[in-house]
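Engineer: Residue numbers (this note's numbering), protein chains in the order written: chain A, 1 to 335; chain B, 1 to 261.
It is worth saying that the hints were derived from the structure and are not from the lab.
Just to be clear, a hint being listed does not mean it is correct.
Unchecked claim - Counterexamples of contact, computed for chain A against chain B with all Cβ distances above 10 Å:
1. Ser-52
2. Gln-157
3. Ser-178
4. Arg-185
5. Asp-187
6. Ile-217
7. Ala-228
8. Ala-283
9. Ile-296
Stated by the list, open to error - Cut-off 20 Å, straight-line C-alpha distance, at most; resulting in silico cross-link-like pairs (SDA-like, lysine to any residue):
10. B/Lys-259 - A/Gly-242
11. B/Lys-259 - A/Leu-330
12. B/Lys-256 - A/Leu-333
13. B/Lys-254 - A/Val-316
14. B/Lys-146 - B/Pro-20
15. A/Lys-198 - B/Val-260
16. A/Lys-171 - B/Arg-47
17. B/Lys-254 - A/Leu-333
18. B/Lys-254 - A/Glu-294
19. B/Lys-107 - B/Arg-47
20. B/Lys-13 - B/Ile-121
21. B/Lys-198 - B/Glu-68
22. A/Lys-211 - B/Val-260
23. B/Lys-256 - A/Arg-329
24. A/Lys-198 - B/Ser-145
25. B/Lys-180 - A/Pro-105
26. B/Lys-55 - B/Ile-18
27. B/Lys-259 - A/Ile-174
28. A/Lys-211 - B/Ala-161
29. B/Lys-146 - A/Asp-205
30. B/Lys-256 - A/Asp-72
31. B/Lys-259 - A/Arg-196
32. A/Lys-21 - B/Ala-161
33. A/Lys-198 - B/Ile-121
34. B/Lys-13 - A/Gly-146
35. A/Lys-321 - B/Lys-146
36. B/Lys-256 - A/Lys-21
37. B/Lys-146 - A/Leu-333
38. A/Lys-198 - B/Lys-254
39. B/Lys-259 - A/Arg-329
40. B/Lys-256 - A/Thr-312
Remember, it's a predicted structure, so these values are computed and weren't measured experimentally.
C-beta atoms are modelled at their ideal positions from N, C-alpha and C, and glycine is treated no differently.
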Amino acid sequence: MTVTNDSSSEVWIFAEQADGKTKGTAYGLISKGRKLADDLGTRVSAVCFSHSTEGAQELISCGADRVYLVDDPDPINHDEESYARELIELIRRERPSIVLAAATPLGSSFIPRVAAALDTGLTANCTVLEIDLESRLLVQTRSAFGGNLMATIICPQARPQMATVRPYAFKRGISDQSRQGKIVRVDLEKQPVSSRTKLLNVINDLGQKVKLEEADIVVCGGRGLGKAENFHVIAELADVLGAGLASSRPPVDDGWIAYSHQIGQTGKTVAPRLYIACGISGAPQHLAGMQNSEIILAINEDPRAPIFEVATYGIVGDLFKVVPMLTARLGELRG
Amino acid sequence: MNIVVCMKQVPGKFNIEIDPQTDTLIRGGTDNIIGPFDMNALEEGFRLKEKHSGKVYVISMGPSQVEESLREAVALGADEAILLCDPAFDGSDTWATSYVLSRGIRKLDRPDIVICGKQTIDGETGQVGPQLAEMLQLPFVSCVSKIEEVADGHITVQRMAEEGHHLVEMQLPGVISVVKEINVPRLPSLRGLMQSKKAHITLWNARELGVDVARVGLQGSPTRIVRVFRPQRASQGELLQGSPESQVEQLIEKLKATKVL
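Whenever a hint applies, use it, and build me the whole structure from the sequences.
Structural biologist: This is the structure in structure tokens:
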């Protein structure tokens with residue numbers, strides 16, 4: 001085993017960019033990174049593949065001491081292999097002790113390459129990260145077996161200690177505009193390699209009015225809706241709230257709604273201020289995708305449904321009665 | 001086309017018990033199955049072979065009981081089955097597993113494509129596909145929901161993305177991971193079942209693979225599991241009482257109070 005304990009002990013987070021902006025989930029990561037760095041008495045740095053310094057300032061306001069800006073000549077293609085090569089080189093040069101990234105489709109796909117190349121450990125989709133003050137190790141906790149089991153994992157010797165983090169598992173901290181930090185432009189020696197993967201086209205599902213991951217309120221429907229035509233009942237509630245429209249897995253499996261609406265282990269993870277679960281029983285796989293929401297409202301006929309175990313407020317009743325009533329009342333309130 | 005499908009045998013039912021003394025998982029007599037996403041990977045391998053001819057290799061790392069699942073893969077249509085089996089591999093994490101698998105795949109006859117399931121249903125990391133790609137120095141596309149075309153040393157695929165799909169072209173040889181939307185796995189034929197009973201399963205151990213045993217298994221893996229436990233869900237929630245009308249009114253008052261409305 002490679003023992004490389006001569007790392008700088010810095011904490012790094014990968015701040016993923018989309019459409020020229022830092023993705024929301026990166027801010028929760030920087031808050032967590034800040035906390036871990038404070039526990040270790042070290043710095044937290046963010047790595048951005050971006051040309052513009054605009055987003056860097058916001059990362060500093062949210063807790064970053066340093067932002068490494070690596071120019072991305074092709075931000076649309078998101079060439080994972082070149083991201084991996086550049087991050088590997090930067091890690092070899094600067095030797096951080098900890099590297100964190102969100103377990104988004106991009107992070108889950110290219111971060112494992114980085115860990116493989118660096119001969120170090122990587123823990124997937126963590127929901128809890130702490131420093132063991134005695135050993136100074138990163139203690140990483142994640143769920144497995146369809147949410148039925150939690151495992152705590154360490155990477156005792158190889159460096160850096162790497163983890164992907166369930167998107168939105170950590171809350172964004174308060175932004176402080178007066179915080180000072182350093183923006184470092186990174187010029188890596190670029191070998192002109194032609195990309196082996198090429199993005200030919202992006203096909204967006206129509207019908208998603210509000211981006212789920214960024215929504216303050218998410219309304220989600222499950223098997224209890226009964227059939228595709230009944231989705232309008234919760235779509236109307238989502239409309240009146242300006243909320244994102246989501247689904248648990250069964251309606252997606254049955255083709256009632258597109259996969260991009262799916263919340264849960266095999267779908268998206270969200271942590272909105274308010275999550276309204278309608279006709280959802282609350283299998284562990286679903287809970288994995290939404291249990292970090294601030295307020296959870298569950299509406300279900302079955303009082304024993306596990307969703308009520310995580311709900312802040314529960315209504316045991318017929319969603320086809322309760323939801324339209326709620327929509328109508330909210331409509332009045334919002335005028 | 002030389003097609004390699006990576007497969008993991010997983011417990012069919014999760015009968016999870018934790019040893020209170022050691023805080024480790026007791027994996028008792030549950031029925032073992034081929035990982036569901038790996039079934040999709042196998043099916044896609046067979047379909048590629050049917051279209052472009054060639055050979056489907058199925059490869060797995062695990063204890064000798066995995067032979068059973070490999071025979072099942074042969075019954076479904078795999079031409080060759082390889083089990084990477086050595087006590088030294090026990091307890092390998094994703095890095096070590098990818099390392100062993102990459103050594104096995106290197107011994108095969110120049111694969112054009114390596115297909116993995118999106119993730120296993122036990123560990124659920126989804127890391128072996130991309131780590132394998134890195135160790136084989138191949139490109140990788142995750143979450144493939146459709147293969148559009150294979151031509152001129154390229155493959156064009158649809159990948160599941162956050163807001164829909166991406167159409168991606170990848171040079172071959174390369175690695176893909178597939179989601180369940182890609183196909184419906186076939187059932188074994190009677191002939192396949194008969195053949196699989198006497199099929200030869202190739203066994204390779206650490207020495208035959210040229211694997212450095214200091215880098216695999218429980219001791220050699222970079223990561224270590226220190227504790228397993230059941231998730232705690234202590235409900236502090238409140239069930240609203242009364243008629244539906246009154247429940248809705250109570251709810252609106254509560255939501256107003258939290259300023260979320």
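Engineer: Now tell me if each hint is right for this structure.
Structural biologist: Evaluation of the provided hints:
For A/Ser-52, the shortest C-beta to C-beta distance to chain B comes to about 22 Å, beyond the 10 Å cut-off, and the non-interface label holds. Non-interface status of A/Gln-157 relative to chain B is broken: a Cβ of that chain comes within 10 Å, the nearest being about 7 Å off. For A/Ser-178, the condition that its CB be more than 10 Å from all CB atoms of chain B holds, with the nearest at approximately 26 Å. Taking the minimum C-beta to C-beta distance to chain B, about 27 Å, the non-interface status of A/Arg-185 holds against the 10 Å cut.
The claim that A/Asp-187 is not at the interface with chain B holds, since no C-beta of that chain comes within 10 Å of its own (minimum 24 Å). With a least beta-carbon separation of about 7 Å from chain B, A/Ile-217 fails to lie farther than 10 Å from that chain, contradicting its non-interface assignment. The non-interface label for A/Ala-228 is consistent with chain B: the shortest C-beta to C-beta separation is roughly 17 Å, beyond 10 Å. In this structure A/Ala-283 is separated from chain B by more than 10 Å, as the shortest Cβ-Cβ distance comes to about 12 Å.
Not every CB of chain B is more than 10 Å from the CB of A/Ile-296 (nearest about 8 Å), against its label as outside the interface. Our distance criterion of 20 Å between C-alpha atoms is met by B/Lys-259 and A/Gly-242, whose separation comes to about 15 Å. As the CA atoms of B/Lys-259 and A/Leu-330 are separated by approximately 14 Å, the hinted pair is consistent with the 20 Å bound. For the hint linking B/Lys-256 to A/Leu-333, the alpha-carbon distance of about 11 Å falls within 20 Å, and the restraint holds.
As the CA atoms of B/Lys-254 and A/Val-316 are separated by approximately 17 Å, the hinted pair is consistent with the 20 Å bound. Between B/Lys-146 and B/Pro-20 the CA atoms are separated by roughly 45 Å; this puts the pair beyond 20 Å, and the hint is violated. For the suggested pair A/Lys-198 and B/Val-260, the alpha carbons sit about 42 Å apart, so the restraint of at most 20 Å is broken. Distance restraint check for A/Lys-171 and B/Arg-47: the Cα-Cα separation of roughly 45 Å exceeds the 20 Å cut-off, and the hinted pair is therefore not satisfied.
Distance restraint check for B/Lys-254 and A/Leu-333: the Cα-Cα separation of roughly 14 Å lies within the 20 Å cut-off, and the hinted pair is therefore satisfied. Restraint check: the Cα-Cα separation between B/Lys-254 and A/Glu-294 comes to about 14 Å, which is no more than 20 Å; the hinted pair holds. Using a Cα cut-off of 20 Å, the hinted pair B/Lys-107 and B/Arg-47 is violated, with the two alpha carbons roughly 24 Å apart. Proximity of B/Lys-13 to B/Ile-121 is assessed by CA-CA distance (about 10 Å); at most 20 Å being required, the pair is judged to hold.
For the hint pairing B/Lys-198 with B/Glu-68, the CA-to-CA distance comes to about 12 Å; that is within 20 Å, so the pair holds. At most 20 Å may separate the alpha-carbon atoms for a hinted pair to count; A/Lys-211 and B/Val-260 meet this at roughly 18 Å. The hinted pair formed by B/Lys-256 and A/Arg-329 meets the criterion: a straight-line CA distance of about 13 Å does not exceed 20 Å. With a C-alpha separation of about 17 Å, the suggested pairing of A/Lys-198 with B/Ser-145 holds against the 20 Å cut-off.
The straight-line distance between the Cα atoms of B/Lys-180 and A/Pro-105 is roughly 16 Å, inside the 20 Å bound, and the hint therefore holds. For the hint pairing B/Lys-55 with B/Ile-18, the CA-to-CA distance comes to about 42 Å; that exceeds 20 Å, so the pair is violated. For the hint linking B/Lys-259 to A/Ile-174, the alpha-carbon distance of about 18 Å falls within 20 Å, and the restraint holds. Under the criterion of a C-alpha separation no larger than 20 Å, the hint pairing A/Lys-211 with B/Ala-161 is consistent with the structure, at around 13 Å.
Between B/Lys-146 and A/Asp-205, the direct Cα distance comes to roughly 16 Å. Compliance with the 20 Å bound is thereby established for this hinted pair. Among the hinted pairs, B/Lys-256 with A/Asp-72 is inconsistent with the structure: their alpha-carbon atoms are about 44 Å apart, more than 20 Å. About 50 Å separates the Cα atoms of B/Lys-259 and A/Arg-196, which puts this hinted pair outside 20 Å; it is violated. Pair hint A/Lys-21 plus B/Ala-161 holds up; C-alpha atoms about 18 Å apart against a cutoff of 20 Å.
Taking the CA atoms of A/Lys-198 and B/Ile-121, the gap is about 30 Å. The hint is violated against a cut of 20 Å. The hinted pair formed by B/Lys-13 and A/Gly-146 meets the criterion: a straight-line CA distance of about 11 Å does not exceed 20 Å. The suggested pairing of A/Lys-321 with B/Lys-146 is violated, with an alpha-carbon distance near 40 Å, which exceeds 20 Å. Of the supplied pair hints, the one linking B/Lys-256 and A/Lys-21 is violated, its CA atoms being roughly 32 Å apart against a limit of 20 Å.
As the CA atoms of B/Lys-146 and A/Leu-333 are separated by approximately 46 Å, the hinted pair breaks the 20 Å bound. Distance check on the hinted pair: A/Lys-198 and B/Lys-254 sit about 50 Å apart at the alpha-carbon level, beyond 20 Å; violated. Annotation: proposed proximity of B/Lys-259 to A/Arg-329 holds, straight-line Cα distance about 16 Å (limit 20 Å). Restraint check: the Cα-Cα separation between B/Lys-256 and A/Thr-312 comes to about 14 Å, which is no more than 20 Å; the hinted pair holds.
When each numbered hint is compared with the structure, violations occur for hints 2, 6, 9, 14, 15, 16, 19, 26, 30, 31, 33, 35, 36, 37 and 38.
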